[in-house]
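Engineer: Dock the two chains into a complex; use the hints.
Order-wise, the sequence lines are chains A and B.
Taking my numbering, the leading residue of the first sequence gets 15, the next gets one more, and so forth.
Taking my numbering, the leading residue of the second sequence gets 16, the next gets one more, and so forth.
Please note that the accuracy of each hint is not assured.
[To be verified] Computed cross-link-like contacts, DSS-like style, restricted to lysine-lysine with a CA-CA straight-line distance of at most 25 Å:
#1 403/A with 20/B
#2 75/B with 97/A
#3 125/B with 21/B
#4 286/B with 102/B
#5 308/A with 246/A
By construction, these hints were calculated from the structure, which means they are not laboratory data.
The structure displayed is predicted, hence computed values, not measured ones.
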Amino acid sequence: MIGQALLKEFQNILGKENVFREETDRLTYSYDAAVLDPVLPAIVLRPVASEALGAAVRLCNENSLPLTVRGAGTNLSGGVIPKSNGVVILTNSLDQILEINEEDLYAVVQPGVVTARLAAAVEAKGLFYPPDPGSQAVSTLGGNVAENAGGLRGLRYGVTRDYVMGLNFFDVNGELVKTGARTVKCVTGYNLAGLMVGSEGTLGVFNEIILKLIPLPAARKAMIAVFNDMGKASETVAGIIANRIMPVTLEIMDNFTIRAVEGFSHVGLPLDAAALLLIEVDGHPAQVEEDAVKVESLCRQLGAASIRIARDAAERDRVWEARRAALSALARLRPTLVLEDATVPRSKIPAMIGAIDRIGKEYGLTIGTFGHAGDGNLHPTILTDRRDKEEWKRVEKAIDAIFDWALRLGGTLSGEHGIGIAKSRFMEKEVGMASIVYSRRIKCALDPKNILNPGKIIGEATCTT
Amino acid sequence: MYDMKKLAALIGDLDEQLIVCMRCGMCQAVCPLFAETGRESDVARGKLALLDGLIREIFKDPEGVNERLMRCLLCGACAANCPSGVKVLEVFIKARAILTGYMGLNPLKKAIFRGMLVHPEFFDTLFEWGSKLQGIFTRPVDDLLGASCVRFMSPLSERRFKNLAPVPFHRLVRSLDTPWGASGLKVAFFVGCVIDKVFPNIAEASLKALKHHGVGVFMPEQMGCCGIPALSSGDTETFDKLVRYNLKKLSSERFDCLVTACATCTSTIKKMWPLMAGGLTGGEREQMEALAEKTMDVTEFLVDKAGLKEGDAEGEFERTPVTYHDPCHLRKSLGVAVQPRIAVKANPRYRLKEMAEPDRCCGCGGSFNLQHYEISAAIGRRKRDNIVQSGCSVVATGCPACMLQITDMLSQGGDRVLVKHAIEIYADALKEG
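So that you can see chain B by itself, here it is in the shape it has in the complex (with noise of 0.2 Å):
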């Protein structure tokens, strides 16, 4: 049996927000998981009074809590549109790695997460023989998208994934020191798991960029994960040791701004970070908050510091009609939605034109979309129509997660859309060199 007034100890430094909530349930109305499910327990006033229950010790089912608390996208809306402001996501994080610590983490993300994430070598090499390995078990199905699904009869048979590309990232660009350029500027460029492995020429795309508006780049050797994963499962052992190997990486150069193309990895660091980052000496303490305090997405980087203005270019085009997702981590975590679309708009080839609900969660979720991919699925579907009633042909984002899970859902769809990141579109718009 669990020590339950211990554990209410525990959740008790939550208190001073969980009383926050007035129990007023306008959450109901933006959170995509509750439209779906219409289950108290799946929307955040269900969460935080089943908190409060803990502290109060009304009833004692940890377990039975961590489970629905894990049944989350993490998307922010809830918070976003709190009347009382509760910090919904910070409380859930904290009440995740509350939990986690206190029952134990589940072994098979205990194997992941402490076995390999941790190690960024090892963690590299396993994807590269998966990324030769890959096409005995899977088979494309999607010419367009770049799709595939599994060759068997397995529980995955219905998603389309994408393929492990066939040369990451970090074998492309082992590391980069490109001196200030001319626009005065040097950024540190984050790379991120999904980028490195998937979506390389996201990578590619952001460096041609950057090179554009002269600004200098340094990219240290094999950079780690920053953490999201481990943390959104309650490891804080785990993203402690990443948060404190990648500070180590980029101690050693001076820069401007540290820049990602990944909306989570650009949120997991400005935020989470400083939020949750345990167990660093006060040197570290401050490199990390100084680090956080300078991290930008990178359109919003190109757009508000190196000059990106849209309309630049010159020329006639026949212009391709292109729709815009807001990822959860750039507009809800950190208020980011011009700059992308400003990138996206720079392009003469392409015509914004806005999708419905173009801010609401495209149902990824980072590992809920593995642990639930029904419901994940069903969110995924009202972004898919959304996007298809926009009548584009490409649709644009700045988040290679979202990325994974749209081009699942149009693949499904059978429809013929283009899934890009916000920084091709634009660097597609420059001359190459």
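Chain A on its own, in the form it takes in the complex (with noise of 0.2 Å):
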């Protein structure tokens, strides 16, 4: 555990202030937003400066001591839950935007700067960082960066991985290591942002990150589309992308979430419809709107009952205001909320939503349906009580069959919110033991005392396997 004397190396190096060692504090500090079981760390740590941070990062490995980096502590998949004689380093008060650079289009930040935060101020400027996770209010850069985060935008601006164009991190023994560059080109040694960028906080601890920015598109425009018929709604995503046409968002809703969220909001959303899509597009108004009118017909020809477009902006946001809604409508209808983010090539995004419809009833659970179907990644949603040991059976087989289907329809795990702890175990299912081996070679020659959030995506690797 923790000595004395190792204690006062870390005040030493990040200030008293910045050490805690109360229990109650700890206790802060053992969980995430995954339905998992909290994990008490031994202390809890929060740099001020580069400096204090690769000194730490050192320290710990020189004692042995598994560090877990942390944010704002919004991970789905128990990716900042600690280890129980461990370390937790906290990034908030590294929060600066260090430069928004308007010629070459970039902004440098540390990892603690919250997402929203970053997208507001490049806004403000005329630039655009597209990538929107749910928690962006919230979470950090540095976090949607180590989980490699989407969004809703997904399908036409793709995710945080398209906008990492370098970055600079601490290795176990806290040197700095610099990767990518400045420049929209840049093929100047490994792409070790490649390797960071998912990483999940298992092969380095982010010291500065430059992120690409693109110019704020002009237009936006966004519509409901109402379906009698799942099917048909499904059909019509496929059709949209068929037809060439990248909406910014492109969002389906089914006729529970569509209840819950009319329940909750009162937007005015026709409660007898089987599904909804919430689409927007956006770019050069003149392209706005032979977009949307495009979108209009589409939507006609393959079976919508109907669709509304969005006059104005007020009108725009009532649309995302209940796509936003859905979470929260959701979430309150039982105690706990178990929120899946497998995912599937779009053309499967039918045969994934009558999967999930089907593992509901077979295992007698209640399941919403929404998400990003445009880009294939679904948000099925299990309501249950983590209190009722029966039922909780119910929702792991529920989990398990639906990565089941999702890999079955050549889909993938996790399209967001990662593997951490609560996935690895279905990692080999998917990529095949040579990849999960292959990379915890990765992870051993890097990390060879395993003290960088172990446990996490690979599960617990020795340099001996």
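Structural biologist: Below, the structure written as structure tokens:
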């Protein structure tokens, strides 16, 4: 454990006020947003400068202390649940936007900058940072990069990975490793940034991140299409893309979710609709008009019962209010909510929605489904009560079944929430043992004492396997 | 040592509420305290996890939990933004009561609540003495805002506070009972401690406006405190006594609504009395619930019931820009945001201009301000900056506690901005008599 001498060293590096030792404080860093048991860390550190961050990492390695870096703690796969003898390193005091470059279109940030804060700061300059994970109001960019976070705009604008131009990070020895550049093109050295994105804190500790920015689209238009048949709604998703239109956002909502949202926020959704598509197109005003007309006629051709186009900003806000309310509305129905993110190739959306429906019936569970249909990333949301042990067993079985179906349809375990500890046992099914062994070798080479967020993604890697 | 099993059982009653928190962490986006400290134990999710930890007997530190539970403004921003609808304030108030009942009330608070607050007559006398003596200990530092600071070196040396009024409201108007007026309405007027002792002018403005609208007023002699200082410190014993005391005072007369000009009193009577008052007889409970049901903010009453409308006044005036701060206890607790703005706009000498984040907490939080002045002031400075950036020379609000905090912050900033209650601004536009 952590003796007095080591404690003193941490205090010297970070300042006494940035070392949390009391059990009561440590307990508040024992969980994240995944439905998993909390684990109490041994100590919590809050570096306020890069140097202190690097020194703290080195000290952890020298003393073989497992360390977990934590941003806002919104992870949905247990990625920031620490080890019981471990250290939690908080990034929320490393929260400077170091540069927004309007000529070369990039921003340099510390890992603790909140996503929405950067988005607002660049928007004020007419620029755009598109990745918008659901937790963006609190989530940190360091966490977004570590998880390769997605969001509602994935279809047209991609995910966090597509905006990381470069970064520098501390290795386990506290040495600063640089990768990528402030240039559009860069082939200098291994693409270590590519390796770090989505590594969930297992390979290095981020210090600074260079993010790509793009011009803010001049116009946007949102609409809601109502379907009396789920199959037709999902065919329309495929139809829109097959017609070479790329909406920013193309969201689907099933009847259960529609009713929950309407009961919660009374935005005027049709209660008898089998499915809704919520669609937004953006770009040059002329193109937006053209796309909107095309999407409207496609929806009608492919069987939409009705379609409503938002005439102004207020109406557009109401469309997205309905979508944002989905999680809240579902969360209020039962005490526990399990939010999954199994993802399939988008042509398989109809099959996946059908499978989820059958799984809900088979295990006697309530599952509301909504999500980013345009990119194949669904959010089957299981409503339950984790105190009910019998029901919880059925929930676990249903989750297994959802994963099996996603894989069977050529999809993946996780579109945007990460593997963490919640899904690591399913990894082999999707990628095979060779891939896990290969990953463990990388981990072992870079982190021989296995101190960087151990247990995440690839399980308990030891350097003998 | 504490009996942790017993404590776990007591807090266990909150389990149905605690389980609702899904640890999504969205409360971090809106908590004014977390914005300053960045500590998870300062935000709702952290506190809920700590209470959960006590129930599950994961750890055994009720004192540590209580201490962290008290570090909260009770502003309700988290609850208003909670995706899963956790009734955060209800949980925190109940947990404070349970932990305080379990561990005992801190001796200083015990002396204040049970020795003074619970005896309104003695409490009033004490403050009148204070009002006479305050000149010895304080010196005026701000003529515009009427703020003072202490004369001697003390932990309070930075703070700028409003002096106690030379004559409290209950000396100006001891009691009142005017008949149903032209409006066909009669209200009971609940003054509240801060208005009585620091801002009697707000009570006078309220009575003037009520009279103007032909509303009869009943105001019994020597009303008590609404009970919130005791309740938020977990002292349900004092709270219960005060609820009973006030109920008795108000039981003798018929009226349509209970009206206050204090956001905190309104919210306490309307929300906390039904939720937390214990030891009442069946009849008393019925009376209390009926009373809570018809309790309203004074501007809410005037606009919704008595026909106050903006733009009634005629004539061209030079308009003073005024901005409005939403007290948490009006907007987040009761959803009252439009009516005080209408009251302000009804005065033709003012032009309302919104500040940024008008509904962000001013940082006062009642006794939070006394116990954690540094953090309270840091939160207050953000409010001050928003007020100053609005470019207005007056800031209006609906809560005397917010007014104390905002006065302190503006005075320390050396800003020439007047702090007024919305009802004062409205009453200024009405003819005398």
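Engineer: Please go over all the hints and tell whether each is borne out by the structure.
Structural biologist: How the hints compare with the structure:
no.: 1; hint: 403/A with 20/B; verdict: holds (23 Å)
no.: 2; hint: 75/B with 97/A; verdict: holds (20 Å)
no.: 3; hint: 125/B with 21/B; verdict: holds (24 Å)
no.: 4; hint: 286/B with 102/B; verdict: holds (12 Å)
no.: 5; hint: 308/A with 246/A; verdict: holds (17 Å)
Violated hints: none; the structure is consistent with every hint.
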